[in-house]
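Full structure from sequences and hints, please.
Sequence lines, in order, name chains A and B. Residues are numbered in my numbering as their position in the first sequence, beginning at 1, plus a constant of 91. Residues are numbered in my numbering as their position in the second sequence, beginning at 1, plus a constant of 82.
Source of the hints: derived by calculation from the structure; they are not laboratory data. Each residue gets a CB set at the ideal place from its N, CA and C atoms; glycine is no exception. Treat each hint with caution, since some may be false.
[To be verified] Negatives, chain A to chain B, calculated, CB over 12 angstroms:
# : residue
1 : G94
2 : Y105
3 : Q109
4 : I219
[Said to hold, decoys possible] In silico lysine-lysine, DSS-like type, Cα no more than 30 angstroms apart, as pairs:
#  : chain 1 : residue 1 : chain 2 : residue 2
5  : A       : K136      : B       : K199
6  : A       : K126      : B       : K199
7  : B       : K244      : A       : K126
8  : B       : K102      : A       : K328
9  : A       : K126      : B       : K150
10 : B       : K156      : A       : K130
11 : B       : K115      : B       : K321
12 : B       : K220      : B       : K230
13 : B       : K244      : A       : K130
14 : B       : K230      : A       : K136
15 : A       : K136      : B       : K158
16 : B       : K199      : B       : K150
17 : B       : K156      : B       : K244
18 : B       : K220      : A       : K136
19 : B       : K115      : A       : K130
20 : B       : K156      : B       : K115
21 : B       : K161      : A       : K136
22 : B       : K156      : A       : K126
23 : A       : K130      : B       : K199
24 : B       : K230      : A       : K130
25 : B       : K132      : A       : K126
26 : B       : K156      : B       : K132
27 : B       : K158      : A       : K130
28 : B       : K102      : A       : K98
29 : B       : K158      : B       : K132
30 : A       : K126      : B       : K158
31 : B       : K259      : B       : K132
32 : B       : K220      : A       : K130
33 : B       : K161      : A       : K130
34 : B       : K132      : A       : K328
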Amino acid sequence: MLGFLEKLGEITLYYVRQAGRMGIFLFFCILSIFKPPYKFSPVIKQIYIIGSLSIFVIFFTGAFTGMVLGLQGYNTLRKFGAEGLLGSAVALSLIRELGPVLAALMVTGRAGSAICAEIGVMRISEQIDALDCMAIDPHKYIMAPKFVAGVISMPLLTAIFNVVGIFGGYVIGVGLLGANRGDFFASISSNLEFSDIYMGLVKSICFGLLIIWISSAKGYFIHLERGGSFGAEGVSKVTTSAVVLSSVLILVFDYFITSVLL
Amino acid sequence: MNQTFVIQLNNVEKTFGTQKILRGVNLSIPEGKTTVIVGGSGQGKSVIIKHILGLVQPDSGSILINGKDINNVKKKELKEIRSQFGVLFQNAALFDSMTVFDNVALPLRERTRMTEKEIRDIVNDKLALMDIVGSNDKYPAQISGGMKKRVGLARALVLNPKIIFFDEPTTGLDVAKSNEIYRVFFRSHAKLGYTAVIVSHDFPRILKLADYVALLHNGVIQDMLTPEAFQLSNNPVIKDYVKETMGTLYSSESMEA
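Shown next, in the form of structure tokens:
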């Protein structure tokens, strides 16, 4: 019994420490963004890596999400004779909820995992120690451009996801199933409000920050992982845990942001 | 030793998990000289360097760099202290996504306001000092182990630091490549006159470079002596170490034994 309690205490302490470490890490990363010198080329490079290289996957997931919404929405709304509202049903689901969440999950899988693995490898091959010893702040040099790029890229990727998704819904709903084209767009313009777009924007910015935070912190503290995380296996372990934690937190934060903004 | 000491370790203790690695390390590094810390593998030699660099905090004891306790200074002061350091890590710790040139140029780009032309001149100069010509655009994965160490050394030297740390500079290299590293070290030290701290188990060859040799054994520095005095020391632990690594020095000793 005592052994069990000891173990429980040890695990609890580990997670409390980890939460503290990650919180302080986030603080220093955000602080370092505002410290001069301001260099734009690393930010542009990260926007390319996190944003531009994710467009393809965002485009496809957005298109198919919109298409399935068109399919399901049309068949459901037809039962109530409300096919005319298909456009607003697709657009509102995407802009308020599915766009930010699914785009964030895709970016987590594509860019979050890459960021975590990159920083994890830098840590275990002493590259981060080397930066420290050269009096170069790793928060400023490695993390700050990624945070800025994440916060800029995520809303833009979400916007692409939404536009492509709405078009996918249109192709299926209007093109394939025969809903009225005029009604489709009219219902969007009459039901969509600024608060809906605002909610999607807030979510996407928060998710962008969250993905970069979790992914980079997990890689940065790979050497402090519980039970030890070393070498290639350690990097794979920590990358998996970063993707899982980011994905779960995206859904958790989605609920809380929605409940605050509704 | 009538010297100015730039680094002083006082009673430094460190435990990792259940293993006590350092059991009260006392060590003073004289300015402008080359001090070599030797000892068996796993004795904690690299841990001493990591303590001096402020990458690891001791459980007890203090580490003074020019009189300032590295674990009791503000972040800004720590940065200033570290700006005097150059480090050659055991695996060179080059940034693998950057070319050789960019690796060496990084400290200049991040820590100075030099123009690209000035940076290019200094980097090429340092790379030439290390006998590296024509590999500027290669990535660390495309060059040999010895060359990686020399690029690491060029990067460590690029800001003309006052103190340079070498963590196992010749580990994993054959005799010819090790001699190459020793040669470039000797040349750069003669030219730049920095304080060098070398951790190595390449004994006795490392003696060629050393002004002082310190032996770490059982978590404590047994003694720090000149290479000649080290080889002739009466300290039983040092004597055993010398005998184990060099064999008996004189035939009469082996005959007596």
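Hint-by-hint comparison with the structure:
1. G94: The claim stands: G94 (chain A) keeps its Cβ more than 12 angstroms from every Cβ of chain B (closest is about 17 angstroms).
2. Y105: holds (14 angstroms)
3. Q109: Holds, because the least Cβ-Cβ distance between Q109 (chain A) and chain B comes to about 18 angstroms, which exceeds 12 angstroms.
4. I219: I219 (chain A) is in fact no farther than 12 angstroms from some Cβ atom of chain B, at 9 angstroms.
5. A:K136 / B:K199: holds (23 angstroms)
6. A:K126 / B:K199: Distance ~26 angstroms between K126 (chain A) and K199 (chain B) Cα, so the pair holds.
7. B:K244 / A:K126: Status holds; Cα separation ~27 angstroms.
8. B:K102 / A:K328: holds (29 angstroms)
9. A:K126 / B:K150: holds (26 angstroms)
10. B:K156 / A:K130: Distance of about 25 angstroms is within 30 angstroms: holds.
11. B:K115 / B:K321: Given that 30 angstroms is the threshold and the Cα spacing comes to 24 angstroms, the pair holds.
12. B:K220 / B:K230: The given pair, whose Cα atoms are some 11 angstroms apart, holds under the 30 angstroms limit.
13. B:K244 / A:K130: Status holds; Cα separation ~29 angstroms.
14. B:K230 / A:K136: Holds - the C-alpha atoms of K136 (chain A) and K230 (chain B) are around 26 angstroms apart, at most 30 angstroms.
15. A:K136 / B:K158: holds (29 angstroms)
16. B:K199 / B:K150: violated (36 angstroms)
17. B:K156 / B:K244: OK: K156 (chain B) and K244 (chain B) at ~21 angstroms, within 30 angstroms.
18. B:K220 / A:K136: holds (21 angstroms)
19. B:K115 / A:K130: Violated, at roughly 39 angstroms.
20. B:K156 / B:K115: Cα-Cα ~28 angstroms, so holds.
21. B:K161 / A:K136: holds (27 angstroms)
22. B:K156 / A:K126: holds (17 angstroms)
23. A:K130 / B:K199: holds (19 angstroms)
24. B:K230 / A:K130: holds (28 angstroms)
25. B:K132 / A:K126: holds (27 angstroms)
26. B:K156 / B:K132: holds (18 angstroms)
27. B:K158 / A:K130: holds (21 angstroms)
28. B:K102 / A:K98: holds (23 angstroms)
29. B:K158 / B:K132: holds (19 angstroms)
30. A:K126 / B:K158: holds (13 angstroms)
31. B:K259 / B:K132: holds (25 angstroms)
32. B:K220 / A:K130: Holds, at roughly 25 angstroms.
33. B:K161 / A:K130: Judged against 30 angstroms, a Cα distance of about 20 angstroms means the pair holds.
34. B:K132 / A:K328: Holds, because 26 angstroms separates the two Cα atoms, which is no more than 30 angstroms.
Hint compliance for this structure: hints 4, 16, 19 are not met, and every other hint is.
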